[in-house]
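Using the sequences and the accompanying hints, generate a full structural model.
Now for the letters of each chain:
Protein chains: 8
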Amino acid sequence: MSKKPYIRLDKDNAAVLLVDHQTGLLSLVRDIDPDKFKNNVLALADMAEYFKLPTILTTSFENGPNGPLVPELKEKFPDAPYIARPGQINAWDNEDFVKAVKATGKKQLIVAGVVTEVCVAFPVLAALEEGFEVFVIADASGTFNAMTQQAAWSRMEQAGAQLMTWFGAACELHRDWRNDIEGLGTLFSNHIPDYRNLINSFNTLTAGK
Amino acid sequence: MSKKPYIRLDKDNAAVLLVDHQTGLLSLVRDIDPDKFKNNVLALADMAEYFKLPTILTTSFENGPNGPLVPELKEKFPDAPYIARPGQINAWDNEDFVKAVKATGKKQLIVAGVVTEVCVAFPVLAALEEGFEVFVIADASGTFNAMTQQAAWSRMEQAGAQLMTWFGAACELHRDWRNDIEGLGTLFSNHIPDYRNLINSFNTLTAGK
Amino acid sequence: MSKKPYIRLDKDNAAVLLVDHQTGLLSLVRDIDPDKFKNNVLALADMAEYFKLPTILTTSFENGPNGPLVPELKEKFPDAPYIARPGQINAWDNEDFVKAVKATGKKQLIVAGVVTEVCVAFPVLAALEEGFEVFVIADASGTFNAMTQQAAWSRMEQAGAQLMTWFGAACELHRDWRNDIEGLGTLFSNHIPDYRNLINSFNTLTAGK
Amino acid sequence: MSKKPYIRLDKDNAAVLLVDHQTGLLSLVRDIDPDKFKNNVLALADMAEYFKLPTILTTSFENGPNGPLVPELKEKFPDAPYIARPGQINAWDNEDFVKAVKATGKKQLIVAGVVTEVCVAFPVLAALEEGFEVFVIADASGTFNAMTQQAAWSRMEQAGAQLMTWFGAACELHRDWRNDIEGLGTLFSNHIPDYRNLINSFNTLTAGK
Amino acid sequence: MSKKPYIRLDKDNAAVLLVDHQTGLLSLVRDIDPDKFKNNVLALADMAEYFKLPTILTTSFENGPNGPLVPELKEKFPDAPYIARPGQINAWDNEDFVKAVKATGKKQLIVAGVVTEVCVAFPVLAALEEGFEVFVIADASGTFNAMTQQAAWSRMEQAGAQLMTWFGAACELHRDWRNDIEGLGTLFSNHIPDYRNLINSFNTLTAGK
Amino acid sequence: MSKKPYIRLDKDNAAVLLVDHQTGLLSLVRDIDPDKFKNNVLALADMAEYFKLPTILTTSFENGPNGPLVPELKEKFPDAPYIARPGQINAWDNEDFVKAVKATGKKQLIVAGVVTEVCVAFPVLAALEEGFEVFVIADASGTFNAMTQQAAWSRMEQAGAQLMTWFGAACELHRDWRNDIEGLGTLFSNHIPDYRNLINSFNTLTAGK
Amino acid sequence: MSKKPYIRLDKDNAAVLLVDHQTGLLSLVRDIDPDKFKNNVLALADMAEYFKLPTILTTSFENGPNGPLVPELKEKFPDAPYIARPGQINAWDNEDFVKAVKATGKKQLIVAGVVTEVCVAFPVLAALEEGFEVFVIADASGTFNAMTQQAAWSRMEQAGAQLMTWFGAACELHRDWRNDIEGLGTLFSNHIPDYRNLINSFNTLTAGK
Amino acid sequence: MSKKPYIRLDKDNAAVLLVDHQTGLLSLVRDIDPDKFKNNVLALADMAEYFKLPTILTTSFENGPNGPLVPELKEKFPDAPYIARPGQINAWDNEDFVKAVKATGKKQLIVAGVVTEVCVAFPVLAALEEGFEVFVIADASGTFNAMTQQAAWSRMEQAGAQLMTWFGAACELHRDWRNDIEGLGTLFSNHIPDYRNLINSFNTLTAGK
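Residue numbers (numbering that gives the first Met the number 0), protein chains in the order written: chain Y, 0 to 208; chain V, 0 to 208; chain F, 0 to 208; chain S, 0 to 208; chain H, 0 to 208; chain G, 0 to 208; chain C, 0 to 208; chain P, 0 to 208.
Derived by calculation from the structure, the hints in this document are not laboratory data. Any given hint could turn out to be false.
[Stated by the list, open to error] Within a straight-line C-alpha distance of at most 25 Å, the following computed BS3-like cross-link-like pairs (lysine-lysine) qualify:
1) H:K101 to C:K51
2) F:K3 to S:K98
3) G:K3 to P:K73
4) C:K51 to C:K75
5) V:K3 to V:K75
6) H:K35 to H:K75
[To be verified] From the structure, some residues in chain Y lie toward chain S, with a derived Cβ separation under 7 Å:
7) D32
8) A83
9) P85
10) Q87
11) N144
Just so you know, these numbers come straight off a predicted model, no measurement behind them. No residue lacks a Cβ here, since even glycine has one placed at the ideal position from N, Cα and C.
So this is what it looks like as structure tokens:
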């Protein structure tokens, strides 16, 4: 049990780390359906952009079989620090990456990547060791199978990471719908088909009012 | 491991919080079958009524796509505090809600809602932070999918919440069948088909005795 | 492939056979969740009543461990032929049952029961043999496990039975919403939580119109 | 076993029927993940457009709880026949719908809709009865649960319908990549994340060649 | 669709073939839980004994890695024809086996074995070819995994075999409880825990009557 | 993380509590297959007998719908303390039960029962509170469904209980095969079909040696 | 039901078609685990080699994102006809492919490939149309997900294809162990871990005999 | 929560313990597919060899039904300490085994074996008790079923063990691809089919560059 029960995401104190979402590595992800996974990763990116969270991109060996970063992420964050690691498996072993993280001045790290037990878990554990508050976006992270996923989750939980999903993180960052109803509604409508349907039904019914 | 192994539900010291069981939001729930989920939510409501536990209702944006509170809950608790939140996502960020909770004078909170990782987890974590003993009714709370559910459970467990189901909570509150055999039996018969069958078989066989 | 592709349920030519939904036998049903199964059986009963289809009840050894017919079915069809079979496992081997079926004058039989591969499949196969058109309500029939269910479905399909669910049957019997919007809507609202939610959201939004 | 083993989709002889993909009804679909289902329906629509297949839209009670047609479909086929049925549950019972189908002059019908055992199965069976060759796009059709889906598939198979998915249909319609490599590649890249990754990896590696 | 819808098991016209339930081969069975499978095989054996059906045992290479026949089957049928095949994979390719089958004079064959797609399917197809009516006891037959099981079932169904389980077969052979209530009840009590519980509850409640 | 990593079962310091394995309550168990569950409960009983562990039986309302204790347990432990609780849901609330537990003089409790989150979890938590070392036999305990099981496991783990299965417990109690090869082998052969097969293959091959 | 129940594989009359097992396309396969799928494809290849069946290789667009044929297949069949199709999606639309098939002079075709509903189903249906007897090796064929797999199987079954697995096909081709015990044993030992374990246990125990 | 969040595998301070991967015991493993399990165990062995980690082999009763160590492990580590335990179930109860472990001079233990809750968990808990840092290779350890696996994982986690998979361990040991790209790539290519495909696609495309 953590000492402080509620460590809460704060949009003024959080940065996003997107680790190794590369076109080759994605073929290894089998603990989550590809349509769903693509949607979750893009939703997380849209969330980072919406809340203007400093975002850091990194890749592993992108000129080899692992393949390039998925183009959508590159295009969304053209000015973000982009660390193409020359060989370090744990991004936290790369000085430039850690410098970029620390340069954000944030104490909360929102992390997602491929594959969960390596590209996510290793920097997560290292960041916890250095005192960061770490939030893993479980549904924008993927790996080989359910057994691997569960072992990775267990290791990160034991070390004090908090497991969340992109939707939960967005809600915790936003705090109050009145801060911007349309903005948050659009984010949800674009990435949650059931919510989009609710909005479309509602808009149709109230259109003539 | 919690310091005190057995924190036990006490019917004289517990309140029930029903968070955002709204007709629109329910279409998002896919980690539990709709027939089963409806039954569990109504069973929890019947349990709250049966044990005369102070119960608090709250909704999020009920005039928008999220839809109104399910009518059965409104009807069962006509005099309960009902906080239609104007925008706060975490019910605990709403002063009226927290006041209502504290006005019950209870130290144990039984919480269920939709969706688990937001509408349930956020006030659960906040209540733990303030020293309440919190019991999550897992089977009357729902969310998008199993992965989200598991991440939400993990976060609440780490913070010290206890995961229960409505049946377990009812048993722990009742303590002894002799307090009211018929009342508890009726609650179970109405919401557990297998138990209802046992009772019907039994009654038929002993009818002539 | 059947010769005639579309053999269509006709409310003027259909009868319903409910076979052995008994309180003891129900404890054997494990291919479908009990909350869902109870709902489906009651929905089928409501459907039969709504369309005023002649309905026949039968039980096997109801004074022994199999237990009595579930009381809800008895109460809903107080005047229906009720054949408590003295020993025949296949209801079609019981003369009174077959007489009751033929007395309805209908050529289409809608059948559900417990357990699928015996209490449903045996009379279904016998009725097909005699030239009836048979529709099995799969989701109001239950058995030990998925393997048994699949084998039973396969045997009935090969013999020419059509597999349906209570909702599909209700839609095919009704043909056109304009025959009675409120009646069919109520049937669905009572037994499909998602549909009930849609109706409640709709009614709330259009209430002031 | 059908007499002619290979009844093959022919782009010059096929029409597409999209039945009741409405915002309310979609909340009933639980046999396929919402992200995946949305993608499949839009992929089927893109396929129809790409191959310039005559497409017919129909809805059931769109001013009630079933909700409006999903806007993306309306927008993609602004000139398609659009039959808002006043009450007929089986679209084939609606004269305008059948007229529109026959007006295409095609003998092959590609059908998808919500829910599978009603809105899809009923017109599929009726069309088979009239001698059409019918191809059900299984993954752009949805229903309550796996049991319902399997029963619906069984009924349609027995009547002679062929079960396909949007990808299989697209491949059978296209016949030869050389007819238009880029067009088909774009369709796949937009709706199959794994294929998109293959293309992105390939393009990156061959960019400098 | 078979021409005659209801080909019904007849205890005066049926023989049982138990094919290759050997201690080594059983380690290959993974489409059904070992506790359940053991119970089903023994239940089928008890059924054969109870109905005094002629039973034939056969093994494949029992002195090699496939291992000996499970001892319980040997002990239960000490006088049954026992064909230890010297090499034929399809038992029907062994003349002694076919002779033994034909010597029973029965036209209905009840078959189970390990593994389903080979040791069961091959003789099943051969027997159908020769005009026997064949009933596969699906839950007393096992194989590598679900995919293999489904392919094997499909092949046998297409050829006209009927898929059943030991319980369904026992019910169809018995026809009427009154032929011997205690005998059938004991068979069920020994192999269906849920039924045993029903009987024990019943006996306790009616003991004093 | 517990302070002492390895709290090890000791056959000289352990007692077994079997809570509410009653014929009626067993119909509620759906998180584990009935054949497997029956086998596990009897295996645990055989283990208790084999290691001569003091064993305590208790039931809840055995004259009502819950039904009598399963007869096999009664017969195996004719001289064990047997507490038919008059109404206490938590066995630990019954003085006679606690006295019987303490009279064993053991500090380690091996607990199993039906249903897991109530009949098992409540006395487990209470015993932990009093300083006992508690080992839950997960596979001889059953409940309504997987969600309930997981919530119950979580609550007991958080309080410091150790989750085991009957096989693991038997191995930890036995320590060394040489203490009695035949005895332990027989226990495993009787309750693990795969192990029985290994033994039978082995014995056949080495018979002539 | 097919007219002739048992169409049996004959090693003197069968050819093997391996369709589009390419390194890129394999990343689309998600209805079967990658370790298992790789093993099955190589097992099928070893089977073809062992029985000296004429084998034909074909690929689709191997210079594009689909990637090259997996190297193991190329190496195993260096002299096999190898048709790199310039664009035809259905291999049967390629004249060279059909010529190569007909040049074998065989009437039975054993087919596997990626993805099932296209690269396998299309030539399977075309070959059936021309009167070949077609055996689909289901476990060496892969596709996007279970729903797609089931629809593809259904379409091929309806057209008269037989679904098998590599192990079943090998057994049916071999007919009698005595034809070559060591050869078949080696094939199984190399691709069935459970069988390899049986053989290793057996060899160890009988080594000294 | 452990005190030190990141306890990291260090190739200069780690030893590998392979416990009871015996041909007989492997037939008990049913929580992971046999093809996958075989691959994982061999991958772990290759990893140990690649990183030159001291490796210790042990077996339980290898002359009895448990069977011999799988030959591949014997052959890969001909000079490794090999402790054939005469009877101790917990390898840590065997003095020679503990001596061998301590003789390595390593503080980190990487453990895998069959079955998880006994042969793995017992020495893991004992080693933690003595202050070792323990990493369980979850996917190279197997047991009876998922329930047993989960209980075993829970017990080891509570005691402070870290759950990993062979791939995660290899990545953490290697630290930086530049230490040896080809060596690590070969390890992955041999045991991860998806990765092998990426490499083959890559090599083909860049071959002519």
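The hints, checked one at a time:
As the CA atoms of K101 (chain H) and K51 (chain C) are separated by approximately 36 Å, the hinted pair breaks the 25 Å bound. For a cut-off of 25 Å, the pair hint linking K3 (chain F) to K98 (chain S) stands: about 23 Å separates their Cα positions. With a CA separation close to 35 Å, the supplied pair K3 (chain G) and K73 (chain P) exceeds the 25 Å bound. Taking the CA atoms of K51 (chain C) and K75 (chain C), the gap is near 12 Å; set against the 25 Å cutoff, the hint holds.
With a CA separation close to 35 Å, the supplied pair K3 (chain V) and K75 (chain V) exceeds the 25 Å bound. A distance of roughly 19 Å separates the Cα atoms of K35 (chain H) and K75 (chain H); the hinted pair therefore holds under the 25 Å criterion. A hinted interface residue such as D32 (chain Y) counts as satisfied when its beta carbon comes closer than 7 Å to some beta carbon of chain S; here the least separation is about 6 Å, so the hint holds. Hint status for A83 (chain Y) relative to chain S: violated, with the closest Cβ pair at about 13 Å, above 7 Å.
Proximity of P85 (chain Y) to chain S is violated relative to the hint, the smallest CB-CB distance being about 18 Å (cut-off 7 Å). Taken as an interface hint, Q87 (chain Y) does not check out: its beta carbon lies about 22 Å from the nearest beta carbon of chain S, beyond 7 Å. A cut of 7 Å between beta carbons decides the hint on N144 (chain Y): the least distance to chain S is about 16 Å, and the hint is violated.
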